[in-house]
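Trainee: For reference, the chains in residue letters:
2 protein chains.
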Amino acid sequence: MTITPKIIGYVAGTLTTISFLPQAIMTLKTRDTESLSLGMYATFTIGVLLWLVYGIYLDDVAIIYANAITLILASSILCIKVYNTLMHKTGRVSSNEQ
Amino acid sequence: MTITPKIIGYVAGTLTTISFLPQAIMTLKTRDTESLSLGMYATFTIGVLLWLVYGIYLDDVAIIYANAITLILASSILCIKVYNTLMHKTGRVSSNEQ
Numbered sequence: 006m007t008i009t010p011k012i013i014g015y016v017a018g019t020l021t022t023i024s025f026l027p028q029a030i031m032t033l034k035t036r037d038t039e040s041l042s043l044g045m046y047a048t049f050t051i052g053v054l055l056w057l058v059y060g061i062y063l064d065d066v067a068i069i070y071a072n073a074i075t076l077i078l079a080s081s082i083l084c085i086k087v088y089n090t091l092m093h094k095t096g097r098v099s100s101n102e103q
Numbered sequence: 006m007t008i009t010p011k012i013i014g015y016v017a018g019t020l021t022t023i024s025f026l027p028q029a030i031m032t033l034k035t036r037d038t039e040s041l042s043l044g045m046y047a048t049f050t051i052g053v054l055l056w057l058v059y060g061i062y063l064d065d066v067a068i069i070y071a072n073a074i075t076l077i078l079a080s081s082i083l084c085i086k087v088y089n090t091l092m093h094k095t096g097r098v099s100s101n102e103q
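So the protein sequences, as listed, match chains H and Z. Numbering of the first sequence is given in my numbering, commencing with residue 6 and proceeding in unit increments. Numbering of the second sequence is given in my numbering, commencing with residue 6 and proceeding in unit increments.
Calculated from the structure, these hints are not laboratory results. It is possible that some hints are incorrect.
It does not matter which identical chain is meant; a pair holds if it fits inside one copy or across any two.
Mimicking SDA-like on lysine to any residue, the simulated pairs with C-alpha atoms at most 20 Å apart in a straight line are [stated by the list, open to error]:
hint : residue 1 : residue 2
1    : Lys11     : Ser42
2    : Lys94     : Ala73
3    : Lys11     : Ile51
4    : Lys34     : Cys84
5    : Lys86     : Ile61
6    : Lys86     : Tyr15
7    : Lys86     : Gln28
8    : Lys86     : Thr38
9    : Lys11     : Thr48
10   : Lys94     : Ile69
All of these numbers come straight from a predicted model, not from anything done at the bench.
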């Protein structure tokens with residue numbers, strides 16, 4: 006009996022995606038992005054997008070599925086971060102930041 | 006002129022690794038792992054290890070190099086987290102935790 010090596014990719018993608026979920030859910034729920042770095046999050050999101058493109062190029066379902074899910078979560082958080090940053094710059098700061 | 010698709014993989018790996026670096030450097034310097042979840046970090050580290058194994062299976066240098074670097078960083082942080090957790094359990098807590 007041989008374990009299909011493809012399964013390793015699916016398990017890898019599932020584990021790294023699961024490990025990202027709690028932070029993603031918390032940020033999407035609370036919309037608190039104070040402790041997140043815009044530059045680092047933008048870098049991460051572009052990186053995940055390129056992994057997705059690379060997965061499509063390789064025609065590798067494990068790479069595609071893992072990075073597609075992470076990209077949806079990461080880009081949602083990035084949008085909230087950009088929105089919060091813009092609101093802060095235009096003076097609409099929250100009570101915590103005053 | 007065609008851009009070698011392999012380059013996409015290298016850029017993707019570089020970006021996601023770079024985005025992980027600041028947290029890794031901070032944790033390795035301060036050894037403060039209070040805000041990190043042991044379960045989530047263990048899940049992430051095993052996931053990265055499996056991506057590395059999958060990269061070796063695919064013989065894909067971009068996947069191998071990105072996950073090898075991240076694995077070194079993530080497993081170092083995981084070791085510190087496990088050490089801190091064990092120290093806490095055996096009563097050798099820091100002044101902040103008393």
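Trainee: What label fits Lys86 with Gln28 when the C-alpha limit is 20 Å: within, between, both, or neither?
Mentor: Answer is both: 14 Å inside a copy and 18 Å across each meet the 20 Å cutoff.
Trainee: For Lys86 and Tyr15, with the copy left unspecified, which applies at a CA distance of at most 20 Å: within, between, both, or neither?
Mentor: The answer is neither: 30 Å in one copy and 27 Å across copies each exceed 20 Å.
Trainee: Go through the copies and call it for Lys94 and Ile69: within, between, both or neither, with a Cα cutoff of 20 Å.
Mentor: neither (36 Å within a copy, 41 Å between copies)
Trainee: Quick one: Lys11 to Ile51, C-alpha cut-off 20 Å, is that within a copy, between copies, both, or neither?
Mentor: For Lys11 and Ile51, the Cα distance is within 20 Å only across copies (16 Å; inside one copy 25 Å).
Trainee: Since the copies are identical, ignore which copy is meant and state whether Lys86 and Thr38 lie within 20 Å (CA to CA) inside a copy, between copies, both or neither.
Mentor: Answer is within: at 6 Å inside a copy they meet the 20 Å cutoff, but 24 Å across does not.
Trainee: My question is about Lys94 and Ala73: at a cut-off of 20 Å on alpha-carbon distance, are they close within one copy, between copies, both, or neither?
Mentor: For Lys94 and Ala73, the Cα distance exceeds 20 Å both inside one copy (31 Å) and across copies (39 Å).
Trainee: Indicate which option fits the pair Lys86, Ile61 if close means a Cα-Cα distance not exceeding 20 Å: within, between, both or neither.
Mentor: neither (28 Å within a copy, 36 Å between copies)
Trainee: With identical chains, the pair Lys11 and Ser42 could be close in the same copy or across copies; at 20 Å between alpha carbons, which is it: within, between, both, or neither?
Mentor: neither (34 Å within a copy, 29 Å between copies)
Trainee: How would you label the pair Lys34, Cys84 (within, between, both, or neither) given a Cα cut-off of 20 Å?
Mentor: This pair counts as within: shortest intra-copy Cα distance 14 Å, inter-copy 31 Å.
Trainee: If the cutoff is 20 Å on CA atoms, where do Lys11 and Thr48 land: within, between, both or neither? Let me know, please.
Mentor: Between copies only: 19 Å across, 28 Å inside.
In the structure shown, a violation is registered for the earlier hints numbered 1, 2, 5, 6 and 10, in ascending order.
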